[in-house]
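Protein sequence lines correspond, in order, to chains H and L.
Here my numbering is used: the first residue of the first sequence is 1, the next is one more, and so on.
Here my numbering is used: the first residue of the second sequence is 81, the next is one more, and so on.
Covered, in the sense of this in silico footprint (three residues per stretch, anywhere, with C-beta under 8 Å from a C-beta of chain H), are these stretches of chain L: (1) 93-105; (2) 251-262; (3) 295-305.
Hint data in this document are derived by calculation from the structure and do not stem from the laboratory.
Cβ atoms here follow ideal geometry from the backbone N, Cα and C, with glycine treated the same way.
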Amino acid sequence: MKQEKLLEVYQNNSVKISVRKGWCKSCGICVEFCPKDVLVPDNQGKPIPENIDACIKCSLCELRCPDFAITVEGVKEKDE
Amino acid sequence: MKTVIDEYIRKAMFPNMWCPGCGNGIVLGAIIRAIDDLGWDKDEIVAVSGIGCSSRITGYVDFCSMNTTHGRALPFATGIKMANPDLKVIVVMGDGDCSAIGGNHFIHAARRNIDLTAIIINNMIYGMTGGQYSPLTPTGKFGSTAPYGNIDQSFDLAELAIAAGASYVARGTVYNPRQSTSLIKKALDKKGFSVVEIISDCPVSYGKMNKMKSPVDMLKWIKDITVSKKAWDGLSPDEKRGKYAIGEFLSKDRPDYTELYEEIIKKAQESGGNK
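Next comes chain H alone, as it looks inside the complex:
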């Protein structure tokens, strides 16, 4: 339950990025290898999708996360 509380969700019209902060170990892989520089580290080194509008939903952050701590989901048109 503690982990669920540490879940942070960021969303715009087309994409939803969720960060499970309780599982993230601040390795910095997602931040460094994001092709569009969407993610920036917070003071603990955990990712914040500051430039979420630049996200192209390639999901490389999700696929390269060793801790299953970040997910990228497309938001359907009707949900807008």
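Here the structure of chain H is known, so what remains is to put chain L in place on it, guided by the hints.
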């Protein structure tokens, strides 16, 4: 947040015990995504591992699983497969577990061509025990038992598996998770002994001793030392030194051991025990 991963892991065991940036988690993700793509039932899969950081994978997946002794994952898996050939058996090993302690088992599993999928997470070092060099540590690289550089020639695990008789051989990296997922998927689907070596990062042991302390440095290095199979074929021997080809190397059809064993049982029964 609902991911495909969540359906296949034992969530109570998370966050995992691996160090920050460890490639084991990336490989675990690739295995799970490959299994999800194939649509396999969790209860028909058995995951078997030996000893080492990578072997913790069997504790995290919600399949039937078995954590065995050092280097002996393949013999245990062989027993499971022979007892019930309908099960889908996945063996996850580290580089030391597979090529040193279990090296003999590896070549003989390939020779028999038993229908197992062996996934070798190659971080090029014994990470859990403090960074001793393994048979896959590249020549000239450092380990806690090679403070002046490793003088050994390392194994090419893919070539070894091909020579020993495996049905499917491929190599991926943690830097290329999409490719690794697709290679693992093909290996799982292949009848016979399938080998996928995934080049992985160990920032804490290998990285620390080889001037790549952060996971990011290690992933950049992995990107630099790997070339696609297609480009590899055009390189000169000098250019190939210190580099690794990635992609699919072999996919052939050969009768698998369980099929041959069934035939022998049938033959013996039909003859009523008379040779």
